[in-house]
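Asks: Chain by chain, the residues:
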Amino acid sequence: MINAFILELKEIRNSFFLFSLLTWIPLLSSIIVISIFYKGVATKLPIVVVDNDRSQLSREIIKNINSNQALHVEGIELDIKSASKLIRSSKVYAMVEIPAHFEKDTIQKKQPNITAFVNTQYILIGKMISAALSGTIRESSARVDFANNLINDGQTRSAIFLTAPINVQITPYFNTYKNYFLFLVSAILPTIWQILIVVALIVSFGKTFKEKKEDIFFKNRNIFAAVIGKTLPYTFAYMGWGIMFLLYMYGVQPWEFQGSFALTIFAMFLTLLAYEGVALSFFTINFHQTRALSLAAVYTAPAFAFLGITFPVSSMPEFAHIWHNLLPISHYLKLQISQASYGTPLYEVIPILKNLLYFLPVWFIVIFKIRRKV
Amino acid sequence: MSFLEVLKFEFKNIFTNIPIVLTIVGGVLMYSFFYPQPYYNEVIQTLRVSVVDLDRSDLSKKIIHNIESAPSINVVRKDNSLLEAQNALIENKIKGIIVIPAHLKRDIALHVSTTIAVGADANYFLIFGDIVKNALQGILSESATIQVSNLLVKNIPVVAAKKEYTHFSLKTINLFNPNMSYTHYVIPAVFILILQQTMLIGLGILGGFYNERKKLYNAPIWMKIASRTLIIGTLFLTHMLFYFGFVFDFFSIPHIASAYDMIKLGVPFLLATLFLGIFFGGLIKNQESATPIILFTSLPLIFSTGFIWPKEAIPDVITYFSLLFPCTPAIQGFLALNQMGASFDEILVQYGLLWLQVVLYLLLSIHVLRCNEYKSLPHQ
Chain U
1 MINAFILELK
11 EIRNSFFLFS
21 LLTWIPLLSS
31 IIVISIFYKG
41 VATKLPIVVV
51 DNDRSQLSRE
61 IIKNINSNQA
71 LHVEGIELDI
81 KSASKLIRSS
91 KVYAMVEIPA
101 HFEKDTIQKK
111 QPNITAFVNT
121 QYILIGKMIS
131 AALSGTIRES
141 SARVDFANNL
151 INDGQTRSAI
161 FLTAPINVQI
171 TPYFNTYKNY
181 FLFLVSAILP
191 TIWQILIVVA
201 LIVSFGKTFK
211 EKKEDIFFKN
221 RNIFAAVIGK
231 TLPYTFAYMG
241 WGIMFLLYMY
251 GVQPWEFQGS
261 FALTIFAMFL
271 TLLAYEGVAL
281 SFFTINFHQT
291 RALSLAAVYT
301 APAFAFLGIT
311 FPVSSMPEFA
321 HIWHNLLPIS
331 HYLKLQISQA
341 SYGTPLYEVI
351 PILKNLLYFL
361 PVWFIVIFKI
371 RRKV
Chain P
1001 MSFLEVLKFE
1011 FKNIFTNIPI
1021 VLTIVGGVLM
1031 YSFFYPQPYY
1041 NEVIQTLRVS
1051 VVDLDRSDLS
1061 KKIIHNIESA
1071 PSINVVRKDN
1081 SLLEAQNALI
1091 ENKIKGIIVI
1101 PAHLKRDIAL
1111 HVSTTIAVGA
1121 DANYFLIFGD
1131 IVKNALQGIL
1141 SESATIQVSN
1151 LLVKNIPVVA
1161 AKKEYTHFSL
1171 KTINLFNPNM
1181 SYTHYVIPAV
1191 FILILQQTML
1201 IGLGILGGFY
1211 NERKKLYNAP
1221 IWMKIASRTL
1231 IIGTLFLTHM
1241 LFYFGFVFDF
1251 FSIPHIASAY
1261 DMIKLGVPFL
1271 LATLFLGIFF
1281 GGLIKNQESA
1291 TPIILFTSLP
1301 LIFSTGFIWP
1311 KEAIPDVITY
1321 FSLLFPCTPA
1331 IQGFLALNQM
1341 GASFDEILVQ
1351 YGLLWLQVVL
1361 YLLLSIHVLR
1371 CNEYKSLPHQ
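Protein chains in written order, with the working numbering: chain U, 1 to 374; chain P, 1001 to 1380.
Simulated from the structure, these hints should not be mistaken for laboratory data. Mixed in with the good hints there might be a few duds.
[Said to hold, decoys possible] Part of the chain U face toward chain P, derived, beta carbon under 7 Å: (1) Ile114; (2) Ser130; (3) Val168; (4) Ser315.
Every residue gets a Cβ at the ideal spot worked out from N, C-alpha and C, and that includes glycine.
Bound conformation, chain U alone:
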């Protein structure tokens, strides 16, 4: 085992590609993903206003919209046509139309409508804008209300009541600041991690068989020990990257980690073993590296969509459900969230760990096939 381990280290030293897969590729891709989402909350999303009223009240509303952190009024357009052009070219994400006679109608209690046209092709962005706009307009309307009620009633408390008899307090559990960085990066980085593992393992074993070095590694040795020894450098390296990712997310970044770090790392280890087994089973189908990589691409590349982070698993159809379960990373992320957010005790996450264990028998097939090959 140790023999194979040392041999593999030499192989890595001599192969720029293997070396890259273990070092700068994980680093660079993590840095890119982290910097894309680094801001965490989207601020100043550009919108335009078509102000057909040009009154004091309409200007007041535009000011209110602009003071909402999520929004930024990019400009006041004269007509809907030029405003919608800006939307179609994605220069702005929404236009808000304040109707003519808006102020007059408000005073005359005709209840005018402000219309927001929101680009919901970009669902996430569209939702952020809709929520921000409706909050702002409700507040603006309430401010007028409150002033009126105060005049009529003269009492602050009852004016508050008349304005809003029932208020709503919203609590985002487990991600208190509704930060997209925590939401997305904590899922994207493990997704990249699984691609790295599968690719590195296939490239490593592919190289050995392509260069006809399998005898040096496996001939007259305990195949099981030799295979483990050969994968050991990758196991160490990717455990290292995985742990560094956890330390970064929950150590450097201010997110709280409720549960057990050790348990999460243990699950990460099982996940790593699962992916190594799957990678080698792809390779040992016919010991052809490029073909195995094509399979790996199909298996690992679409994983993010099937994780259930952006779109809930419970709303997925049967096939997607099955595929979700066939990806070890789905189970790992479930466990990571359970530990980071809920602090679920060990006995409750045993089913998740069991799901990860189901992947391990694949190793026996791999060992069997390599033994038959050499």
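Guided by the hints, dock chain P onto chain U, whose structure is given.
Replies: Relative to chain U, chain P alone:
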């Protein structure tokens, strides 16, 4: 070699290489079915929430009923305390909690405003947003009714009272993708990325295959480029039409643009990707490197195009860097044309950028093929 011979030779090398065929035919077809799967139901179905009703009055029951009537909310539990509900949330039995305070009805009767708490699991933003939105609607509509009835008490006639409770309101109109379908959101963009990545992998493996061989095959560079353009270009034009025509129809994704405009934008996209692929293939030493390298670019590329996370929030360096890949302007252009009904002159920037890439990558691929030729000259 005559051009026809080169064409034959390239054709043979492409279609007898199993990994290439797996990628540029098998992969493209499979992904078209595979990628839309998670979103097949398009919108979120039921979300389990718990209600902690500390008031237990007819008013609180009415509010709960309001919230429950939202199609995606399913009240599965009634808990006696917030703590109980929070435990259920931690145990993942529910995704959201609504707490109606004690004395809600009394407070309303006494004209004291009161607060209902809505909480949801923000590990899953879509779920969080849906629960909050539906709960807000249910609660605010009840709140509005109370405002009206209060004004009625003041002897204001009903019509006037209804007008009184709010001064102006916001009507939101969802442009493009009005039902917020996830299929319509993700698939049009991801398909472009799939076309680009599979083409790059295919051409990368092909390039690597040639570079692995000690002896260079002898043909003018223009013939090599032209023959690959013809073969791969035709194949991917077919793929593109299949994606935007048949697959879009199959998943009932709207397609507004005319076929002519789509092809007009598609041609520079395919050419730019082709030349980038030939350039990339010329750079790598062996077949195996192509798939992994392209694989690693997929996730960063899809997140930097600005259709998921707003481009305003992405660092400029990354945005500019992503413009080097054909998929970035192509996704922006195709989404504008086909999903948002933009006219062609509204996407001229993306169109121009794609043609710039065509020129850039054509020059680079000529350059790299020439270098490879020089390297394999007999004197070495």
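Asks: Compare the structure with each hint and give your call.
Replies: Now the hints, each set against the structure:
no., hint, result
1, Ile114, "5 Å, holds"
2, Ser130, "5 Å, holds"
3, Val168, "5 Å, holds"
4, Ser315, "5 Å, holds"
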